[in-house]
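Just so you know, the sequences run in chain order A, B, C and D.
For the first sequence, position 648 (counting from the first letter as 1) is numbered 648 according to the working numbering, and the numbering increases by one without interruption.
For the second sequence, position 282 (counting from the first letter as 1) is numbered 282 according to the working numbering, and the numbering increases by one without interruption.
For the third sequence, position 46 (counting from the first letter as 1) is numbered 46 according to the working numbering, and the numbering increases by one without interruption.
For the fourth sequence, position 84 (counting from the first letter as 1) is numbered 84 according to the working numbering, and the numbering increases by one without interruption.
Among the hints, a few may not be true.
Pair by pair, the computed Cβ-Cβ distance ranges are [what the hints assert, rightly or not]:
| id | chain 1 | residue 1 | chain 2 | residue 2 | range |
| --- | --- | --- | --- | --- | --- |
| 1 | D | 9 | A | 609 | 58 to 66 Å |
| 2 | B | 475 | A | 42 | 12 to 20 Å |
| 3 | A | 45 | C | 488 | 55 to 63 Å |
Source of the hints: derived by calculation from the structure; they are not laboratory data.
All C-beta atoms, glycine included, are put in the ideal place defined by N, C-alpha and C.
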Amino acid sequence: MTSLQWPDLPDLPALPPLPDFPGAAAQYVVAIPLLAALLAFLLGRTSSRTAAWTVVTGAVLTLGAATWQLYTISVGVVPRVSETVGPLALGELTVPLTLSASPLTAITAVAVALVALVVQVYARWYLWYDPRYRQFAATVSLFSGAMLLVVLSGDVVLTLVGWEVMGWCSYLLVGHISAKASARRAAAKALLVTRFADLGFVLGLVALTAGPGSTAIADIVDHWRAEPGTALTVAMLLVIMGVAGKSALVPFQDWLPDAMEGPTPASALIHAATMVAAGTVVLAQLFPLLQASDPARTTLAVLASATTLLAALLAFAQPDLKRLLAWSTVSQVALMLAALTAIPVGEGPDTAVLHLVSHALFKALLFLALGWLAVLAGGTLVSYAVSGVRRYGSVRRPLGIGLLALAGVPPLVGFVSKELILGSAEAGVQAATPGPALIVLAAVGAGAPLTAAYCMRAWLILSRPVLVRGNGRTGEQLDDFFAEPEVMVEAVGVEEAEAAISSPARAGITTLSLLTVVGGVLPLTPFFDVELHLNVPLLVASLLLMAAAALFVLAASRGVRTRDAAARLPAVLNLAAERGLGADTAYLTLVARPTMALARGVTWLDREVLDGYVRAAGRAARLLGRGGERWSPVQPAPSLVLVLAGVLVLAVIGVVLR
Amino acid sequence: MNDLLWPALALLPLLVTTLALAVADRTSSPPSEPLVRGLSVGSALLSAVGVVGTVLTGTGVDVVWIPALGVDLDLRADGISTPLVLLTAGVGIVATALRHTRPPVDRTEEDRTAPLVGQHGVPGLAAYHACLQLVLLGALVTFLSRDAIVFFVGFELVLLPMWLLVARHGDAHEAARRDGAALRFVLVTATGSTLMLLGILALSTLTGTTDVDRWAELAGASLSGREQLLVAVLLLVGLGLKVPVWPLHTWLPWVHSTAPTAGSVLLAAVLLKMGTYGIVRLVVPVVPEGFATASPVLAGLAVTGIVWAGLACLVERDLKRLIAWSSIAHLGFVVLALATGTETGLQAALFGNVAHGVIAALLFVVVGALKERWGSADLTVARAALREVTPRLGFALVVGMAASMGLPGLAGFWGELGAVYAAWAPAEDRTEGWFRLFAVVAAVGAVIAAAYAVRVLREVWAGDRLLPAIPDSHRVEGVLIGVLVVAVLVLGVYPSLLLDVTAADAAALLTGGVR
Amino acid sequence: MSLDLNLVALLPVLAPAVAAVLVLVLDIAWPPARATHLVVVGLGLLGGAVATVPGLLQGRGERVAALCLPDGTCLYQASSLTSGLQLLALLSGVVVLVLAWDDWSHGEGGRTAVIAALVLGATAGVVAVPAAGDLGTLLVALELATLPTAALVALERRASRQPAAVDGAVALLTTSLVSFALLALGAALWVVATGTAVLSGDAVAVAAADPARLSLLTLAAVLALAGMAFKVSAVPFHAWTPLTYHGAPLPVTTYLATVSKVAALGGVVVIVTALSGASGTSLLAVAVMAALSMTVGNAVALVQTDTVRLLAWSTVAQGGWVLLPLADLSSRGTRAAGGYLAVYAVATLLAFVVVVAVGARRGVLLTDHRGLLRDSPLLGLPLAFALLALAGLPPAVVGLVAKVVALRPVAGDGTWWLAVVAALNVALGIAVYLRWLRVLAQHPEPVDALAAAEAEAQTRSTAHTAVPARHTALIAVLTTLLVAGSVAPVGIF
Amino acid sequence: MITPALPMLLAAVLAGAGVYGVLARRHAVLMLVGVELILAAAGLVLVTTGQVTPDPLASGAVLTLFVITIAAAEIVVALAVVMALYRARGHVDLQHERSES
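Let's have the full structure, built from the sequences with the hints guiding it.
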């Protein structure tokens, strides 16, 4: 066991003195993208160009500010806590609304800002002809601002703000092509599923806040660390419910693959750096509390482990490569959360955050490259994407690097972060409460070969040699019922097609590729405080398993025309996987339909019972009126009877009941 | 005498314009539409200036009005009422500036869905604007008054003009429905306010004054526990009808679905606030023990209303009724926050009150504009997607619905979060277990809010239909909507703007006595 | 034993009484001078009104007394409330006189003089009732206030309406006779219980101390109240009201709805004030009557299609409101009832004046009032204001304040069932008057072409029957009163 | 000194008979008789009470006189109205279904 621990590095190269900005870096990091979104929306009214310039400038500035923050934090210059619009005068409750930066959050912020910048640049090209580019760009900027707010938040209310704004932005982005019914549905589903889970998040945060009477994360952590117990467990379980929603854990997993209906840049943003990762960020901020509550930790471990395996399996069987990536996101995010539960008590959440950063890099790369391929090849269904990297050489490298990193092949960033997780899980097993770590270890161990398998499958499909027309077919013909679509005449116009991507977008993808390759050094930087639990046999075993899985997939793909190993699976399984194992139907039957039935019942009750009383009162008054008129005597004699009877009654009332 | 300047400027233009327009409408040749509207908007603007002046200078009127009852005409703004009078002034400008184009004749079944745009020269327009002015006057008197009886008079002052607005200028489709809705409004509110009056009179007998500040200072000291509870229940039932609190709410969707746009705006943004404001002024500080006893029931009804109304929104077919339902849900949050008895809750309630006012005004302006263009607000009719044909109105609808579901960064968030928090951590004399349950139910209600917001956007905003095309917002409408959107945004981003105004007085209310 | 007469104090009663004698003398001396008769009526009423001023100006607890016995008890004593009621009755009488001027100055020989004498006599009775200090005065004054009205109802000039008028008169008369019999019985029992015919709080207090006598006293009070309640049209003594109001000439109906009610309230106030000596007895009977009257009156008014019948039932309901504060035996209650009655009387007078004016041009059905606000705003707006005052809705603040004042004693002493019934009746009452208002505010244009032509013809034929100046003046004065009361409700309550 | 019991009993009988007359008789004049009987009962009570209580004002007797006088006036007006009814309707039945005019 070696512990790689650096103290704050004193010998960081001294940068030229920065101008003395007023305010803290965190404030800029959060404010710039939000302002850019507002400006883009207001200024970009007539031209997409203005909007693009605004958001890209904003993203560049954000990245600059985030980097500056990272630097200043590492040299310990700035105050780590800075104010926003608070404090709020909310009576007994203290709401300081502060931002707070730590090395971990600072590096996460840089990653987010970087991915956001690349996505903005890419989107300008990808949505060149979209009349609603302006809204899209502004929303992306808002989205990244919200994520940065969550990352840098020092106050659970700010966390909640960023959290909810992200949910809303995801609704707008997924439903961007709102003329498409499936996009509208997917957007609504994304919002509703996550919002449903947020029920727990809000209540959890409220419950946490109610303890110290303050919404500052530092206060909350201090308070609950001093008095853990059932209250804390309940609160953390509620928070975990919210995290499960945003991070697409079982049973909320199904919204994320559907969110592929959004334009590719949106998918890249949602899947890589922002929304789904937010759960990890929040739990990292509340990490001591998670560790203080074993039931919560175990629950999360079970959910995350189940999710990571299930999603990896489903990813393997997807007929659409974009959906494959989506399921892989589900799997990888669950892995981060699993890592949080597995880390031995007393250590920091660094390994999980490292995987967050690493995943942000390679997943953004994969999405953007695949989107590029989709533009070139016409789609991401297996039948379109097959031979993609053969036909379009320029996507070969980014896709290849991305898939290798995703599979966890050394020495790419994905390998490093995954192995660290494996290591800390292994260390966690030896800790006092090994339960969660044991589950996680099993899941990671089983998940690694599965990941390798679907990455291999994807790569085999993408890199299938191009079929030359009229070439003799050999081997089995499993999927030859339909003719392979003719999407592009080979060799003709490939260069033009490839050149169509704008050079900034290409540069962004290249940057991400580079970082994915060299990102493996991240744990060596002073920003991470990683306990390196190096366990060589475990490492070797996992690599061997991955290799075996890859070879198995290779073998299975032989003889399939598209080299799609999943084609070997029974059609029923494929279909079930495509439908996410019927989770959508389950949502409908278990939640949506009962709710609607309840709603109809409520309106019926409202109309017939509650309002019935109102109407009955009106009718009663009228009836009383008619009756009163009918029974009021119109001849003198009966009216005298009434008079005398009245006297009798009044006399009885007056004398007897007095 | 200088003290009188600003309050007089706030109230007199409305009074004078009401009289002038009411008389002008009776002449054989009524004044032209631009003149009437100009006069009306001008009066609302002048009044708004007066309101701002009153608020800034802290001046007020204090004259004896009915000596026999010991009633003073004591009109002043403090931290509690300042946001509401400003809201009233602002919404007043919006409501008067909206163009009223409804032909009051009943339309037959066939042309029901035909759009109504472009029909001008509404008869009775001057009377319509007179009604708007009178509603504003009543609302301002209600919010400014520091005497319970004058408060009550202001409360009642809005009934007749609202009745006229709904009955005479409401939905053109069915006269019977219009009359029914208008009558419902008046009768329910009158019943409520009379019950409230009983409470006020009981209090005035027990304390010997009708000055609400004095009541707050006494904090129920001269009342026994039973009397406190009785008064609290009377006042809460009366005010609850106005708010409205479930199950006394059934009148609201009816009225909203038939009221003209400006009427809906005023009703939702201003009139409903009278109920919650009444609870803050007349119940919370005045009979604290009684309120504490009644509060679990009140909070339970409030959260039932939140969920109930939210569910109703999921299946409601009429867009205006849907917005009305959502109002019930939002005011449920406000009432829940009040019932917790904490300062946090009070602040959240005061914030939520104003926030809902702005949001509801925005939504009703937008939906009113849509209804005018569509010819009805029926959601089951296939229409062009707003995002494609009327992006500006569509955007406003998106902002409104997002705010309505409590999205952070927009006005609705802070009040609802505060309410849930306050319910989770209620005052010490409240039963914590029940209130935590209520917090959970309220949070469920917030989820349902997202569901109906999404439903509306899916059915109306997003889509691929481009026909029948309808015109986007015209100039005045656009400006009004823009202002409201900005207000929603500003309140959402910088809540201290409002919270700081109310903080000191809210604290004083709960600790007994006046700041 | 000698009486201290103090005739000056008696002037409010004496003025109309003397005027009645004058009218009769004048009729013998100079029969054709019909207008002069009515002038004398007016002078008598106005003289009486002026004479109430000293009474009005006195402070609380002070009395203008007359017919005093040596031991200090006075058979006539007027507090400021009494004087207020007297003034109200006399001025309402003047309004009715102006309203009926045309009607009363026509007809065969002697009719004018008879009517004039009857009006003056009845008014003198009405004025005397609230000032009664003993049972004898009360009985005499009440009968003086009631009997002439029965005759007035029967004196319908137009032959076509004669049978209905007689029916109305019979209904009123029979009810009043039986009621008087009950009142007499009540008075007798009162004397049995207290041992004196003077309505003194002390005697009542002595009687209340003995349980047996208290029961007797309560029975006496109930009988006496029942005997007077018919005049205020309280349920269940209301049955005559719709018949009589509908059958009587409209000015007489107006008289019954306003001036007569003062007598009723005055009588009830006298009894209740005497009973307030028996501290702690709140009269449940009054409460029950008030609740029933409001509810039944409003509910039945809700389904009427004829404005006069509607107003008749509305007076039943308003009678309930007048009685409401009296359920609490206190001086605050009586003052509240007086204030409420004043507002009610002015608003009802205004409504009747407009109904008379519209009735002359179109008719008295509710549908005849369609579009009145637009057609003739000078009639429509005042009517609307009067209806709002009756409903208690701002901008007719005076009506609202009246409701507040009437509810205050009830809410104050904690008779919650009654208070809640009253609260619900506020809404019911609003429904009644809004129904009428809705018709006023409707569009005047008729539904189809045929009706349009018909209406046009009608308009042309009735165009020349402009509203008489007398009516316009009355409307102006009454509206001004209501508006002034709404701006500054001072001095009424 | 006579005991008040017997006169009071008589008064009760008179009042009862009067109420019966009012309730059961449709004829206007008989109804008037009923009313007179009740008034007579009231008078009897008053006189009896006046006899047994020392009242310097002699309230009982005075009130009785008042009642008798008023009753006389009443009868005058009532008979006049009954005459008018007879002239207008041709009967004096108080329970007759009237034809609405």
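Hints versus structure:
1. D:9 - A:609: 58 to 66 Å: Holds - the Cβ-Cβ distance for residue 9 of chain D and residue 609 of chain A, about 60 Å, lies within 58 to 66 Å.
2. B:475 - A:42: 12 to 20 Å: 18 Å, holds
3. A:45 - C:488: 55 to 63 Å: 56 Å, holds
The structure shown violates none of the earlier numbered hints.
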